[in-house]
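Residue numbers (our numbering), protein chains in the order written: chain Y, 1 to 252; chain D, 1 to 252.
Honestly, I wouldn't trust all of these hints.
Given that identical chains are not distinguished, each listed pair holds provided it fits within a single copy or across any two copies.
PhoX-like mimics (lysine-lysine), calculated; alpha carbons at most 25 Å apart, straight line [said to hold, decoys possible]:
(1) K238 x K214
(2) K214 x K67
(3) K238 x K51
(4) K132 x K67
(5) K67 x K87
(6) K87 x K214
(7) K180 x K238
To be clear, the hints were calculated from the coordinates, so they are not data collected in a lab.
As a plain string of letters, each chain reads:
There are 2 protein chains.
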Amino acid sequence: MTVLFSSILTSRSLGNFSFNVINKACACLKSSTVFRDSMETASDLTYIEVKDDNPLDLFREWQQEAKNCATIMPATFCLATVSKEGKVSARNLILRRLDEDGFVMMTDRRSRKSQNLSEVPSAAMCFLWAYKNDTGEHVARQVRIEGPVAEMKKEDYQELYDSEPLPCKIRSHICHQGKKVEWDELKASHDRVMQSVVDGKTDLPMPDHFVAYKLEPLTMEFYGQRDHLIADRVSFAKDSKTGAWNHHHLAA
Amino acid sequence: MTVLFSSILTSRSLGNFSFNVINKACACLKSSTVFRDSMETASDLTYIEVKDDNPLDLFREWQQEAKNCATIMPATFCLATVSKEGKVSARNLILRRLDEDGFVMMTDRRSRKSQNLSEVPSAAMCFLWAYKNDTGEHVARQVRIEGPVAEMKKEDYQELYDSEPLPCKIRSHICHQGKKVEWDELKASHDRVMQSVVDGKTDLPMPDHFVAYKLEPLTMEFYGQRDHLIADRVSFAKDSKTGAWNHHHLAA
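Isolated chain Y (complex conformation) (with noise of 0.2 Å):
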């Protein structure tokens, strides 16, 4: 994936941010005088150290440095789904919940992505975390996770909806996700809910179609980029009689 390493090298101003990155030395750089601090003429290997089994451990670490450097969205992730007929389909959604045994996504189950499911549940993820560290290393990270999509039980995701902001539950209320809507009717609708809100006419109760699923990961891949060095990769997969995660790195 080149395609993060031109990016990085061309971004701007990203500010000034806490972050520790593990390399293995840079031998060939390192000997030379010449080709120091050069893109054009210098060139290395990132190092991924993975210190453990789990890579739920690894995703939870590389997302808390993404947070405390204050990378804009962290819990945002791009999710595929595919149709029986194999169209594939991709939209970003958050991160609400991570599970011992797999991350929770919400949403409206009108939506494409529902029926997607229904029809073929499993599902592949995306994150991206992009910063600039505070010795000003530029650092681009990506997670990919694949495996079966289930949906939750109402009660296992009720505190989800509770603790949505206003806006969100209106939302939920007003919007069938992915139709087609006349602007000026949607926000007529949302006026009339709002107003019933002011009144106390209303508390918004969870709606039938406000549904959350869990992607239980059975393959995980970590993609970690430092300045103008070339990608590393660590795939892990499970096995599927213990459960058990095996990983090994793979060729950017």
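With the hints as your guide, set chain D onto chain Y.
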């Protein structure tokens, strides 16, 4: 997609950028002194204004604005593909060029995405930009694009390879993308190639497995949100007979 919304609410210190966003008047809020400036008690709708029938123009406008606001990696998108068995996957790439007829991306022909595209030659792309504008508003915008994908002729992307920085060219030569590797072996391979470059023994010509694809958009969906307002969506579809685009708003 309530999801983006919540994330924005919790994002921190996003900087201070210049930006313009168009919104219809918020009568509901402006008529109330009680429910102003608080996500706990206020709500309204974002409005996306479409000035032109060609969604590529709106895409360029949104991407340019993201660039102007120093958004990190504004050319990055998530690409979702599917295998002939219907297994979906997703990863981030960089938009290399936007032609009048489509979106250009590059990769390694031996990668999983290339394998997918050889089996199912269509894909979904998803761009996400999030930033704070110069009036302090948090903006989140997403563009989803779907359509057939075709491999390009070498002469149509040779210049893209030629303009790659050195580490990207080295990566193309040493990495069999997605293949299991021993990091130390890859590092040794890297250093050998780097030494050949230093010694003037190779100028790293474009490898045969370096390939570019173009996605021709048939549908494009724009998702826009400002602060804690409910998002607006506009969906464009291309008429297969006339090639003309038509559009309408969608519920978020």
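Structure-based check of all given hints:
no., hint, in the structure
1, K238 x K214, "within (17 Å within a copy, 34 Å between copies)"
2, K214 x K67, "within (22 Å within a copy, 34 Å between copies)"
3, K238 x K51, "within (17 Å within a copy, 50 Å between copies)"
4, K132 x K67, "both (12 Å within a copy, 17 Å between copies)"
5, K67 x K87, "neither (34 Å within a copy, 31 Å between copies)"
6, K87 x K214, "both (22 Å within a copy, 18 Å between copies)"
7, K180 x K238, "between (41 Å within a copy, 16 Å between copies)"
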